[in-house]
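Undergrad: Protein sequence lines, in the order shown, are assigned to chains A and B.
Using this note's numbering, you'd call the opening residue of the first sequence number 1 and step up by one each time.
Using this note's numbering, you'd call the opening residue of the second sequence number 1001 and step up by one each time.
Calculated from the structure, these hints are not laboratory results.
For each residue, glycine too, the CB sits at the ideal point set by N, CA and C.
One or more hints might be untrue.
Stated by the list, open to error - Quick list of the computed label-pair ranges, beta carbon to beta carbon:
1. Val1106(B) <-> Ala146(A): 51 to 57 angstroms
2. Arg110(A) <-> Val1106(B): 40 to 46 angstroms
3. Ser1138(B) <-> Ala150(A): 21 to 27 angstroms
4. Leu1048(B) <-> Glu114(A): 51 to 57 angstroms
5. Ala146(A) <-> Arg1165(B): 53 to 59 angstroms
6. Glu119(A) <-> Glu1413(B): 40 to 46 angstroms
7. Glu3(A) <-> Glu1062(B): 39 to 45 angstroms
Unchecked claim - Sample of chain B residues lacking proximity to chain A, with all beta carbon distances greater than 10 angstroms (derived):
8. Pro1035
9. Asn1040
10. Leu1042
11. Val1164
12. Val1228
13. Ala1425
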Amino acid sequence: MKELFAALALALQALALLALAAAGCQLAASAAAALALPLGLAALASGRDRLLKVSANFSLAALLALAAIAALPARGAGLGCQSALPAAVLLAFLSSLLSNLCEAAGWLEREALEKGYDEGEVRGALASAALSLLALYAAAATAGWAAYEAASRHLLPALSLPIALAAFALVYAVVARAVWTGTE
Amino acid sequence: MKLAGLARGFKALLAVPVALGAVAALSSNPGLLMPAFAANALLAAALLTSGRPSVEVELRVEPERVKVGEELTLRARVRVRGGFGVVLLRLPPHPGTRAADAFELVDGTNVRALFKGFRPALRVYEVRLRALKRGEHSLEGVQVAYFHLLGASRPAAWSAPARVRVLVLPRVGFARARVPLRQRQLAPRAPPSRAGPPSTDFASVREYEPGDPFKFINWKATARLGKVMVNEFEREGSRSILLVVDRSPAMLAGTTVENALEYAVSLTATLARVLLRGGVGVGLYALPPGPDISPSTGEAQFVEILKGLVLMRGRATERGWGPDPRLSSLVAATRPVLVIITNVASRREAARLASLLSGLPARGVLVDVIPDNLPLKRALGPGAALPWAAARAGLYRALPKRFRVVTWDPAAEGVGAAVVRVLNALRWLP
Chain A
1 MKELFAALAL
11 ALQALALLAL
21 AAAGCQLAAS
31 AAAALALPLG
41 LAALASGRDR
51 LLKVSANFSL
61 AALLALAAIA
71 ALPARGAGLG
81 CQSALPAAVL
91 LAFLSSLLSN
101 LCEAAGWLER
111 EALEKGYDEG
121 EVRGALASAA
131 LSLLALYAAA
141 ATAGWAAYEA
151 ASRHLLPALS
161 LPIALAAFAL
171 VYAVVARAVW
181 TGTE
Chain B
1001 MKLAGLARGF
1011 KALLAVPVAL
1021 GAVAALSSNP
1031 GLLMPAFAAN
1041 ALLAAALLTS
1051 GRPSVEVELR
1061 VEPERVKVGE
1071 ELTLRARVRV
1081 RGGFGVVLLR
1091 LPPHPGTRAA
1101 DAFELVDGTN
1111 VRALFKGFRP
1121 ALRVYEVRLR
1131 ALKRGEHSLE
1141 GVQVAYFHLL
1151 GASRPAAWSA
1161 PARVRVLVLP
1171 RVGFARARVP
1181 LRQRQLAPRA
1191 PPSRAGPPST
1201 DFASVREYEP
1211 GDPFKFINWK
1221 ATARLGKVMV
1231 NEFEREGSRS
1241 ILLVVDRSPA
1251 MLAGTTVENA
1261 LEYAVSLTAT
1271 LARVLLRGGV
1281 GVGLYALPPG
1291 PDISPSTGEA
1301 QFVEILKGLV
1311 LMRGRATERG
1321 WGPDPRLSSL
1331 VAATRPVLVI
1341 ITNVASRREA
1351 ARLASLLSGL
1361 PARGVLVDVI
1371 PDNLPLKRAL
1381 GPGAALPWAA
1391 ARAGLYRALP
1401 KRFRVVTWDP
1411 AAEGVGAAVV
1421 RVLNALRWLP
């Protein structure tokens, strides 16, 4: 089960970078793939969950960096893959979540081996976890799409985007402070 | 280190929407707001479930009182609230605890895995256990391990409070035997009654012993002999027997479940039942001192003795083993026939027993429980030759002649047969 999640996470990473390359950013996609995909393959081969997580998060970080570069006025105009970035980021984000599930599966398998859990029950729990995660992701993506549509049609023309995002960032700062101190 | 920290699930989850939002604000690509909103929704879900789940466990056993070898059902009702992830549960008995030695799993598994989604999870688990060791055992604590699926908190492990008690009674065997209360014609005369209140029938004059009532002091004999003498009267009622169980380290030879003490307890319980049903007063005493029950009769006395046996534990050290004033006064007060159940494992043990018994004004039977063959119990057939019998015969010579020795190998002979032999030995006491 862990291998299945790892393979899915790796495939999603590849798909995200492929989408980027198809939209015209071949160089950036190749550079990210040259680093992230070997890491992911090595993780898949050796069963090291943490390495897979590093690989997935690296892809996500590379896409964010690319988006940031695209945001620069001087260079941004030159990048032709801006239209593919949202979809690529969404795929990379799902890959990151799946790598988390893969880590959970690895932890569960280690515990099961040590303490003698019933394999069928462990598989059932992992399958439920995977389904819940995918459902949660689908709901989040749908909510994100709906929020974006609503904002772009009604909210954004009335309010300037920087003001909306400043309010967004303020909320995150408060949340981050609470979370960083209270989740351990 | 900071990058490594960011790589951890929840922090990455937190960073993604912020970064996306900033990029979307700076760039001319508001489409990036869509993944930002999606990540935001996931972050909200993670935040709502980031706390450690509360795990409430209710344990029940059926039945709460079993005998050694019988089975019971442990039922755990588990309710998990909060959190979002995989929960692992381990029900008692836990390895390394006393309960783990006392029970074995017969059916089902006591380690369970479940996925806790957004709704509270309620599960009922059942396992069948077999009681291996007598005693009052506590099945307590449910070990919980938790992994948050979105990485919002580190994997955690703790123990959820839950407790249930099980009383495991010793195995009481069956013995078809006549209690040596009334004698057949050819058998020697039964020992006189030693229990019950003194009658008015004069028996003898003897030296005073602690515990003797002052009203029985024979002043004339005291003045004549220069030491305190008392009149002794025949006792009313039936004879009394004091079952003395040795719980010294020699009795713990073997495993925690199969050792001389466990078989001694089973023999004692069976003897007590047979004797009490025959109307004999029975008491219980442990060496080194432990349970101390004066001889009496009736079903209530059997329950008392059973309780004493349930709580009796072996002593890992030899401290407290030796002349016992409490036993001496109990013997002086009730004049019982002694049945001492022990393991005469060495010359040293024999010498110690001889020293103890020679100071007691009583007769009785000494049951030597030989645990050597218990590990090979299945391999040896019943009635196998006992190579140690000759070696131990030498040890028995050190014991006072007032005590008959009955050798019992629990690997080769059942409790019932041993009880019959003990009762026969009691019948032929001098």
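Undergrad: With reference to the structure, classify each hint as holding or not holding.
TA: Taking the hints in turn, this is what the structure says about them:
no. : hint                                         : result
1   : Val1106(B) <-> Ala146(A): 51 to 57 angstroms : holds, 55 angstroms
2   : Arg110(A) <-> Val1106(B): 40 to 46 angstroms : violated, 27 angstroms
3   : Ser1138(B) <-> Ala150(A): 21 to 27 angstroms : violated, 59 angstroms
4   : Leu1048(B) <-> Glu114(A): 51 to 57 angstroms : violated, 31 angstroms
5   : Ala146(A) <-> Arg1165(B): 53 to 59 angstroms : holds, 56 angstroms
6   : Glu119(A) <-> Glu1413(B): 40 to 46 angstroms : holds, 45 angstroms
7   : Glu3(A) <-> Glu1062(B): 39 to 45 angstroms   : holds, 42 angstroms
8   : Pro1035                                      : violated, 4 angstroms
9   : Asn1040                                      : violated, 7 angstroms
10  : Leu1042                                      : violated, 5 angstroms
11  : Val1164                                      : holds, 21 angstroms
12  : Val1228                                      : holds, 69 angstroms
13  : Ala1425                                      : holds, 49 angstroms
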